[in-house]
Amino acid sequence: MLEDIAPRDTLEAEELALTETIRVAVPERSLRHDLRAVAMVWRRELIRFRSDRLRAVTALIQPVLFLFILGTGLSRLASHGLPAGVDFRTFIYPGVLAMSVLFTAIFSAASIVWDREFGFLREMLVAPVRRWAIVVGKCLGGATVATLQGIIFLALAGVAHVPYSPTLLLVLVGELLLLSFTLTAFGVMMAARIKQIQAFMALTQMTVMPLFFLSGALYPLNGLPGWLTVLTRIDPLTYIVSPMRDAVFSHLSVSPLATAALSPGITWFGWEVPLGLSLAMVAVMGAAMLGIGIAEFRKTE
Amino acid sequence: MTPAISVSKLTKSYGEIEAVRGIDFEVAAGETFGFLGPNGAGKSTTIKILCTLAEPTSGSARVAGYDVVSERDTVRRNIGLVFQETTLDNYLTGEQNLRFHAELYGVPKAAFAPRLRQVLEMVGLWDRRASVVSTYSGGMQRRLEIARGLLHAPRVLFLDEPTVGLDPQTRASIWEYINGLKQREDITIFLTTHYMDEAENCDRIAIIDHGKIVAIDTPEALKASIGKDRVQISTADDEAAARALAETFGIDSGLHEGLVTFSVESGEHFVPRLFASLPVAIRSVSVSRPSLDDVFMSYTGKTIRDAEASVGDRNRRLATRFGRR
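Protein sequence lines correspond, in order, to chains A and B.
Each residue of the first sequence is one higher than the last, beginning at 1 in this note's numbering.
Each residue of the second sequence is one higher than the last, beginning at 302 in this note's numbering.
The hints are simulated quantities; they were obtained by calculation from the structure and are not laboratory data.
Mixed in with the good hints, there may be bad ones.
In silico DSS-like cross-links for lysine-lysine, where the CA-CA straight-line distance does not exceed 30 Å [stated by the list, open to error]: (1) K349(B) with K195(A); (2) K310(B) with K524(B); (3) K410(B) with K524(B); (4) K310(B) with K299(A); (5) K310(B) with K603(B); (6) K513(B) with K310(B); (7) K349(B) with K299(A); (8) K349(B) with K529(B); (9) K195(A) with K299(A).
Produce the entire structure from the sequences given, and follow the hints as far as they go.
Encoded structure:
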């Protein structure tokens with residue numbers, strides 16, 4: 001049916017372009033074709049991030065306020081509880097770093113809701129590609145954009161007395177990527193169901209701030225009242241903020257005692273959750289939400 | 302040669318509402334086929350089924366030789382779509398929008414650049430390819446969508462109300478591009494419209510009303526089948542005029558767009574008799590050769606605008622009924 005025409009030289013083809021139809025044979029669908037779609041959906045997110053510098057700047061405002069205004073303002077008060085030589089801003093830096101990707105990641109997913117409103121989602125959904133390719137492309141794109149956003153904030157580490165050690169930076173970027181991916185998957189899962197941007201934004205506001213405050217981003221996880229201990233252990237964000245703080249503290253020159261007090265790790269009824277398990281849980285959660293998102297998008301239209 | 306589109310006994314219901322009630326037709330390869338009818342007549346539902354965006358309740362449809370349900374992906378690779386609403390990414394440039402499309406449709410990399418140039422030149426947007434789409438006018442956006450729909454060289458191009466919401470000048474220019482496209486591309490075009498004048502551009506048209514095809518033929522044949530001219534008069538007392546028309550001449554008339562409207566053979570000879578015998582003062586008269594409007598009216602008993610108003614009422618009634626439940 002479809003004849004396959006061998007590609008001609010560009011020059012010749014360009015001349016032909018003016019006179020005769022270029023035959024394009026669209027190939028049978030294959031995994032390679034689906035991966036091409038993933039790459040393109042991912043690239044679109046990057047193109048849009050690059051052209052929207054204002055978004056990158058505004059997304060920085062909140063973490064900067066937390067770190068420098070709230071952090072500096074509280075540091076004198078907090079210094080009584082901190083071992084000598086540890087700045088309060090250093091302590092909250094990992095948590096605020098996680099915050100710097102929170103909104104960006106979820107808003108990347110919100111672009112699905114925008115795309116639906118402006119019709120572009122339809123262009124994607126009618127294409128002869130598997131739905132998973134679109135959803136995975138979107139998640140990877142959102143994760144990349146959010147991680148880039150986090151890297152901008154990572155550049156300010158020195159101001160919070162966090163050393164620019166290559167291994168530390170590498171670990172933190174990896175953890176940011178994991179966090180961003182899971183958050184985008186969460187957003188995509190919601191975007192499959194929520195059709196109105198106002199509702200999506202409201203839900204984001206409602207979930208993101210509690211997630212952040214319960215994650216131990218601004219306080220250590222030990223010695224909390226029982227109810228708060230339970231809530232922090234339920235918050236998925238805890239399982240990424242704690243490893244990030246662990247990474248930062250392992251690169252500081254503070255006493256083991258101080259580290260134990262400030263970055264105690266996560267415990268379940270006295271049992272210390274290993275770092276690997278903690279990260280794996282976040283990854284599994286992301287994968288599960290991605291799966292739900294794909295299933296939801298398979299159902300639409 | 303296999304027909305580009307063949308539809309048989311197709312129906313589609315949404316709950317209690319039967320949007321399409323059993324339609325059959327075929328579109329030959331290379332034809333420009335128009336689906337004409339008021340909003341809510343079932344045009345969009347039919348096009349959605351043909352584009353694999355909705356599944357038929359019963360009956361079957363084949364596009365480019367493939368079944369729209371069981372060979373959905375093959376159908377999708379062989380069709381181009383231009384929707385009523387724009388489906389462009391306003392933040393990307395024209396070229397980026399088309400590249401996105403090419404990647405999702407798996408257009409071979411070597412073919413992309415020449416094909417891009419070809420389709421963009423066809424719609425007169427080659428010079429604007431690097432501009433962000435949000436800077437395009439409504440007509441340019443529609444042209445870009447047509448170019449995108451053609452990029453993967455589909456065998457059938459679907460245009461759902463390609464000119465809706467555009468000003469008359471832009472509508473005319475879109476039609477110039479579509480007509481040019483017919484000459485340059487080996488393609489079948491299926492379009493829906495509720496503009497009668499635009500349907501004249503089609504090789505054949507089907508008139509659809511209340512989910513059924515009421516007439517299907519070339520525009521010329523449809524117009525010839527009526528054989529009557531349309532006369533519209535404005536009078537001092539429209540009701541009395543209508544009564545007099547019925548009593549004196551045995552003519553059924555209707556009130557359309559505020560004018561007493563009826564069809565007669567050789568209208569210009571009828572008008573003097575009308576002046577002589579109508580007991581009501583006539584303010585103005587217009588006689589027109591049959592247009593597709595008249596065709597529509599003779600097959601459905603109303604003008605397309607009346608039909609839209611009544612569909613609007615029906616939908617509103619349905620909405621309130623469902624709303625109250």
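Against the structure, the hints come out as follows:
no.: 1; hint: K349(B) with K195(A); result: holds, 21 Å
no.: 2; hint: K310(B) with K524(B); result: holds, 27 Å
no.: 3; hint: K410(B) with K524(B); result: violated, 48 Å
no.: 4; hint: K310(B) with K299(A); result: holds, 26 Å
no.: 5; hint: K310(B) with K603(B); result: holds, 26 Å
no.: 6; hint: K513(B) with K310(B); result: holds, 11 Å
no.: 7; hint: K349(B) with K299(A); result: holds, 16 Å
no.: 8; hint: K349(B) with K529(B); result: violated, 36 Å
no.: 9; hint: K195(A) with K299(A); result: holds, 14 Å
Hints 3, 8 from the list above are not met by this structure, while the remaining hints are.
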